[in-house]
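Residue numbers (UniProt numbering): 1 to 496.
FYI, nobody ran anything at the bench for these hints, they're computed from the structure.
It is possible that part of the hints are untrue.
To be verified - What follows is a set of in silico ranges between Cβ atoms, one per label pair, in the way DEER data are often shown: (1) Arg134 to Gln262: 48 to 56 Å; (2) Phe110 to Arg90: 27 to 35 Å; (3) Lys259 to Arg298: 37 to 45 Å; (4) Ala296 to Leu407: 42 to 50 Å.
What the hints assert, rightly or not - Here are the simulated DSSO-like pairs of lysine-lysine, each with C-alpha atoms no more than 30 Å apart in a straight line: (5) Lys259 to Lys177; (6) Lys224 to Lys63; (7) Lys177 to Lys224; (8) Lys418 to Lys177; (9) Lys418 to Lys462.
The beta carbon of each residue, even a glycine, is placed where N, CA and C say it ideally should be.
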Amino acid sequence: MIPLIVPILRLFLAVTAFQALVTTAIAEPRLALVVGNESYMSVSPLDNPASDARLVAAALTSKGFEVTLLTDADQVRLNRAIAQFGRDLRANGAETTGLFYYAGHAVQSFGANYLLPVDVLLTDAADLGLVAVRADAILRQMASARNHANLVILDACRNNPFVDVPDMNDNGLAEMKAPTGTFMAYSTAPGSVAMDGVGSNSPFTSALVTEMDSPGLPVEQAFKRVRSKVLEATNGRQTPWDTSSLTVDFQFTPALQEKPEQLAADEFFESIRASGDPVQIVLFLRTYPESEHFDAARELLTQALDGEQEPEAEKTAAAAPASAPPSDADAREREMIEAAQISGRIEEYRAYLDAFPTGVFAELATMEMAALAAKGAEPQTVARQPSQVETPPVTPTAPGDVTLEALLAHGDPVLNGKSIAMLVDSSPLFPPIPGLPEGVWKNRPCASCHEWTAEALCDQAKTYLADAGTRALSKQHPFGGGFKDVLRNWAGGGCR
Numbered sequence: 001m002i003p004l005i006v007p008i009l010r011l012f013l014a015v016t017a018f019q020a021l022v023t024t025a026i027a028e029p030r031l032a033l034v035v036g037n038e039s040y041m042s043v044s045p046l047d048n049p050a051s052d053a054r055l056v057a058a059a060l061t062s063k064g065f066e067v068t069l070l071t072d073a074d075q076v077r078l079n080r081a082i083a084q085f086g087r088d089l090r091a092n093g094a095e096t097t098g099l100f101y102y103a104g105h106a107v108q109s110f111g112a113n114y115l116l117p118v119d120v121l122l123t124d125a126a127d128l129g130l131v132a133v134r135a136d137a138i139l140r141q142m143a144s145a146r147n148h149a150n151l152v153i154l155d156a157c158r159n160n161p162f163v164d165v166p167d168m169n170d171n172g173l174a175e176m177k178a179p180t181g182t183f184m185a186y187s188t189a190p191g192s193v194a195m196d197g198v199g200s201n202s203p204f205t206s207a208l209v210t211e212m213d214s215p216g217l218p219v220e221q222a223f224k225r226v227r228s229k230v231l232e233a234t235n236g237r238q239t240p241w242d243t244s245s246l247t248v249d250f251q252f253t254p255a256l257q258e259k260p261e262q263l264a265a266d267e268f269f270e271s272i273r274a275s276g277d278p279v280q281i282v283l284f285l286r287t288y289p290e291s292e293h294f295d296a297a298r299e300l301l302t303q304a305l306d307g308e309q310e311p312e313a314e315k316t317a318a319a320a321p322a323s324a325p326p327s328d329a330d331a332r333e334r335e336m337i338e339a340a341q342i343s344g345r346i347e348e349y350r351a352y353l354d355a356f357p358t359g360v361f362a363e364l365a366t367m368e369m370a371a372l373a374a375k376g377a378e379p380q381t382v383a384r385q386p387s388q389v390e391t392p393p394v395t396p397t398a399p400g401d402v403t404l405e406a407l408l409a410h411g412d413p414v415l416n417g418k419s420i421a422m423l424v425d426s427s428p429l430f431p432p433i434p435g436l437p438e439g440v441w442k443n444r445p446c447a448s449c450h451e452w453t454a455e456a457l458c459d460q461a462k463t464y465l466a467d468a469g470t471r472a473l474s475k476q477h478p479f480g481g482g483f484k485d486v487l488r489n490w491a492g493g494g495c496r
């Protein structure tokens, strides 16, 4: 059997460390400028940019962004907002994440992209720079801030509003060269036209806001999903485009933080999956009955036990008759002995012996009754048994006389004449964990499941010293209830 490598102490330390180090995730500063222009004065108006901008602003606010929202901005307001956004980025420091979103008309000319304010009026292509706002103005502001991550999202190029202006016949936007640390997203491929949408929001923005809610999803993966959704919604007529020079990871919604208990359960499950140790697996099942890994752990236990039993089964299959399936009587016998172990009452053990005088656990029940009687736990419930030879009573070892190597003088014949060190290297009388199959623990030394040290055993003994008569002492020990008293006395003497 593989030694137990994940004791409860390790799980406790994992939970404690997790609670100390990861209590609440502190997000970096997040700033966003969101613009939606639709009510154009001199060119064709649009239906959705303002509602798109409001939808994005609300979504970003829920993700921890401090959002500045502009709708139907003229040239002066748009330029001022971009300049102020740059100042805010610089003021918040290098760890800030900046985001610029624009929905509305935009055009390209001579390889440069221009965002169109609602008061744009153009009759000569040469005047475009005088009446529009260059898109790279936002990139210059971001570059000057030297913050670690920026995102630019352009849901523009719905159509060309200047079809009647000579030399303004380029469709879509040109691909922009962004500084390091920037993620650029376009609602459609360079040189192509995006759709305004038949609903209250564009296909691109609708998909974007949906993917913002995906916990732990990197921005690159989020826009890959956006691309798939838009292609489906537009029957392949619109392909969102993105480029990235980010040097840090970014998610709109951080990954969900696991609860400490779940983290410990996950770690424990990974260890039992690697080891295949039945004792560890049963310990996991008893400790985490509500875990999402419970069914998988039960399957691991079945495989582990089958693996241990197969070699022996192959040797004896020809000679040994097939065993009968467990009967109701077998189940009743186990229930009664387990009830006696839990209660620690002589009456429960006597009830077992009355029902199963030659049962599998008859010898253990007799020894437990003797141990309880020697302690004087319930002398009135034990009838004196006739004996041909009266054996003088054994005086229990005093607390100060119990040491790790000293032979015990104890009323329990299982303990009498043995030291603590000898006992922990022997085979237990009862399963270390209730319900553990006998094939895992019976006739096997405890060392096959535990790496015993005097220090670890002393720690266990001190729990009995502190909780005398309470929950810790009420549970059945693999060497019987008397062994807990021995350990308690040993701890009381300083674990010598």
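Comparing the hints with the structure gives:
1. Arg134 to Gln262: 48 to 56 Å: Check passed, 50 Å falls within 48 to 56 Å.
2. Phe110 to Arg90: 27 to 35 Å: Since the Cβ atoms of Phe110 and Arg90 sit about 30 Å apart, the hinted range of 27 to 35 Å holds.
3. Lys259 to Arg298: 37 to 45 Å: 22 Å Cβ-Cβ, so the 37 to 45 Å window is violated.
4. Ala296 to Leu407: 42 to 50 Å: 46 Å, holds
5. Lys259 to Lys177: 42 Å, violated
6. Lys224 to Lys63: 20 Å, holds
7. Lys177 to Lys224: 20 Å, holds
8. Lys418 to Lys177: 81 Å, violated
9. Lys418 to Lys462: It holds: about 21 Å lies between the C-alpha atoms, which stays within 30 Å.
In terms of the numbered hints stated before, the structure departs from hints 3, 5, 8, listed from lowest to highest.
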